[in-house]
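K.L.:
For reference, the chains in residue letters:
Number of protein chains: 2
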Amino acid sequence: MNRSFAIDAILGSLITAIVLVLTGLAPVLAQEPLPSWNDTQAKARIIKFVQETVAEGGEGYVAPDDRIAVFDNDGTLWSEQPYYIQLGFVLDRVKALAPLHPEWKAKEPFKSVLDGDLKEVAKSGEKGLVELVMATHGGMTTDQFGAIVSQWFETATHPKTGKPYTSMTYVPMRELLDYLRANGFTTYIVSGGGVEFMRPIAEKLYGIPPQQVVGSTIQTEYAIVGDVPVLRRLPKIDFIDDGPGKPAGINKFIGRRPIFVAGNSDGDYEMARWTTAAKGPGFAMIVHHTDEGREYSYDRQSPFGKLDKALDEAKRRNWLLVDMKNDWKKIFSFEN
Amino acid sequence: MNRSFAIDAILGSLITAIVLVLTGLAPVLAQEPLPSWNDTQAKARIIKFVQETVAEGGEGYVAPDDRIAVFDNDGTLWSEQPYYIQLGFVLDRVKALAPLHPEWKAKEPFKSVLDGDLKEVAKSGEKGLVELVMATHGGMTTDQFGAIVSQWFETATHPKTGKPYTSMTYVPMRELLDYLRANGFTTYIVSGGGVEFMRPIAEKLYGIPPQQVVGSTIQTEYAIVGDVPVLRRLPKIDFIDDGPGKPAGINKFIGRRPIFVAGNSDGDYEMARWTTAAKGPGFAMIVHHTDEGREYSYDRQSPFGKLDKALDEAKRRNWLLVDMKNDWKKIFSFEN
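Sequence lines, in order, name chains A and B. Number 173 in this note's numbering belongs to position 173 of the first sequence; there are no gaps in the numbering. Number 165 in this note's numbering belongs to position 165 of the second sequence; there are no gaps in the numbering.
Please note: incorrect hints may appear among the correct ones.
Claimed, not checked - Beyond 12 Å from chain B on every Cβ pair, some chain A residues (computed):
(1) D65
(2) G139
(3) D143
(4) A202
(5) R257
(6) F304
Claimed, not checked - Straight-line Cα separation of at most 20 Å, SDA-like style, residue types lysine to any residue; simulated pairs:
(7) A:K309 with B:Q219
(8) B:K279 with A:I240
(9) B:K279 with A:P64
(10) B:K279 with A:G226
(11) A:K204 with B:Q219
(12) B:K236 with A:R232
(13) B:K204 with A:P210
(14) A:K279 with B:S150
(15) B:K279 with A:P200
(16) A:K279 with B:A223
(17) B:K105 with B:G116
(18) A:K279 with B:K236
(19) B:K204 with A:P64
(20) B:K309 with A:Y222
(21) A:K279 with B:Q219
(22) A:K236 with B:K279
(23) A:K309 with B:G226
(24) A:K309 with B:D227
(25) B:K204 with A:N183
To be verified - Label pairs and their in silico Cβ distance ranges:
(26) B:R45 with A:E313: 56 to 62 Å
(27) B:Q41 with A:R45: 58 to 64 Å
(28) A:T40 with B:E32: 56 to 62 Å
(29) B:D227 with A:G139: 58 to 64 Å
(30) A:K315 with B:G116: 56 to 62 Å
(31) A:D39 with B:T166: 49 to 55 Å
(32) A:G57 with B:P164: 45 to 51 Å
(33) B:K309 with A:N183: 29 to 35 Å
(34) B:A156 with A:P209: 53 to 59 Å
(35) B:Q41 with A:G57: 49 to 55 Å
Derived by calculation from the structure, the hints in this document are not laboratory data. Everything numeric in this text was worked out from a predicted model, so none of it was measured. Every residue, glycine too, gets a C-beta built ideally from N, C-alpha and C.
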């Protein structure tokens, strides 16, 4: 590097820095955090925790490297009713693959999927569900599966709202992700859903890159096709990232204990316990679905996102219970 | 925020930015990259690749998010002779735990470990090794294991050099990690070693945080002890991150295909293939241990870090073969 070029580089970097600082400050000055949250206790408690986390010298201060926040996905970041979005994918894939599997017309649970009889599908229980997942998630390479998922999300729509599944995310939660990141947090998804089902869209929907998505996995196998190495997805479960599997998944993939956790069901109970058992600060929130009008209202009896034990424990342990109806000004971006 | 405070904040940030830019530029101006590398082909090829990666508008340009670099650990970042450092840990732990296990005095492979007869230990093969690992790596909580590992590294020394194991890292490789990060790469370890053996020291040794360490795992189990949630390490293997397991591990943990890979043995062959099979730019390097004087000299016949197939393929596929003796000016920081 010659001298005048070096000076140019310094000047160039300085100007860039000044522009970055000014444009970075503008929104901070212009906008309160969490605009789609009502001014209730919930919002106040979140902001208080985050402000204490970043206040150097304070008792609640946490170094940036340790500001790990984990979010469940189904029912926490996007809708999980009337059934998990990944189940919608499974149903569509069974239909798409049916011409290659004439035997499915006579074989449960495939038959009922093709007949559109979800009640009958449900009767096949967990065993039937696993069969459906293996038949639709295994047997191709990882690259192929990623492409199938991305393509599906381009057109698939929610059965109740008719909107694209990709617009079924909760605006207040996306604001919360942004707010945490703006305060030096690293945000992760920790979901029972499939890692490779979420990764193709997590960055676009939530600003969460692939390496920050923890979820259930199936086994893959390295193989050479022609002279090209591929990873084949096997129809074998590798890891179920749900319930007690969530703290195990966090430990395995992240290797640090989070200080902030958001969930909405009993499947998030153990990771909420794990997060709030740290010696330092820890914050847990449970999204309670109380809004039949704008979204859904369900808890103890729901087949998807059952919230029973964690509902009782949230009160006992002083976890923030978010009342969707009262705490959220807006739920979906497509609302008027 | 009132107006004068806002202006103060802007000015304060500006000054900080200017200082950061100037101090950030200083070392760039002052120092050539990779100072412990000799001025050979190897260094030139690495620098050329990195410069092309960051050159916006160029054919080799890669966006920062996709600048993923993966490094094997044993024999690539630190010494793996006369045996893996983690095996040194296993041997020491067997000795430390022996008073609790009087039966080990009569039971192989434990007996031979206690007798210090490594040849006899080796005869127990992989089955024996797994037994030793399970007996020393399972049965405690994740927090307890982390503390045991950290404590061990404080005093454990290398059998040949007598130096702490933590000083058995290769200076040229640490410089390479720094150089890549300075150019916007995210650096990962992808090792056959145990994730929870490496994480307690990877940040200190290599600047690689826990969530960027991929390795072999054992199963953990969530449990409540008293009222405190813990993760218990079970004596069961979960995942072996070696050979064809490495691309699978990369896919599982990182979810992106790397563009840079460094290894030193046949255990790294598949991840080198996987990395260089990307459509865009891809760079693979294999560290060849050729320096009996300063470190070790071994390849096709070594029980640890066997380099045979990958040695032949490196030439065929134009992977960079680093000749430790000729390409590295310095290997360890404790050299004169």
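K.L.:
Confirm or reject each hint.
P.N.:
Each hint, compared with the structure:
no.: 1; hint: D65; in the structure: violated (7 Å)
no.: 2; hint: G139; in the structure: holds (16 Å)
no.: 3; hint: D143; in the structure: violated (9 Å)
no.: 4; hint: A202; in the structure: violated (9 Å)
no.: 5; hint: R257; in the structure: violated (9 Å)
no.: 6; hint: F304; in the structure: holds (22 Å)
no.: 7; hint: A:K309 with B:Q219; in the structure: violated (26 Å)
no.: 8; hint: B:K279 with A:I240; in the structure: violated (32 Å)
no.: 9; hint: B:K279 with A:P64; in the structure: violated (35 Å)
no.: 10; hint: B:K279 with A:G226; in the structure: holds (15 Å)
no.: 11; hint: A:K204 with B:Q219; in the structure: violated (32 Å)
no.: 12; hint: B:K236 with A:R232; in the structure: violated (25 Å)
no.: 13; hint: B:K204 with A:P210; in the structure: violated (25 Å)
no.: 14; hint: A:K279 with B:S150; in the structure: holds (19 Å)
no.: 15; hint: B:K279 with A:P200; in the structure: holds (18 Å)
no.: 16; hint: A:K279 with B:A223; in the structure: holds (17 Å)
no.: 17; hint: B:K105 with B:G116; in the structure: holds (12 Å)
no.: 18; hint: A:K279 with B:K236; in the structure: violated (29 Å)
no.: 19; hint: B:K204 with A:P64; in the structure: holds (17 Å)
no.: 20; hint: B:K309 with A:Y222; in the structure: holds (17 Å)
no.: 21; hint: A:K279 with B:Q219; in the structure: violated (24 Å)
no.: 22; hint: A:K236 with B:K279; in the structure: violated (29 Å)
no.: 23; hint: A:K309 with B:G226; in the structure: holds (19 Å)
no.: 24; hint: A:K309 with B:D227; in the structure: holds (16 Å)
no.: 25; hint: B:K204 with A:N183; in the structure: violated (25 Å)
no.: 26; hint: B:R45 with A:E313: 56 to 62 Å; in the structure: holds (57 Å)
no.: 27; hint: B:Q41 with A:R45: 58 to 64 Å; in the structure: holds (60 Å)
no.: 28; hint: A:T40 with B:E32: 56 to 62 Å; in the structure: holds (58 Å)
no.: 29; hint: B:D227 with A:G139: 58 to 64 Å; in the structure: violated (45 Å)
no.: 30; hint: A:K315 with B:G116: 56 to 62 Å; in the structure: holds (58 Å)
no.: 31; hint: A:D39 with B:T166: 49 to 55 Å; in the structure: holds (52 Å)
no.: 32; hint: A:G57 with B:P164: 45 to 51 Å; in the structure: violated (34 Å)
no.: 33; hint: B:K309 with A:N183: 29 to 35 Å; in the structure: violated (49 Å)
no.: 34; hint: B:A156 with A:P209: 53 to 59 Å; in the structure: violated (36 Å)
no.: 35; hint: B:Q41 with A:G57: 49 to 55 Å; in the structure: holds (52 Å)
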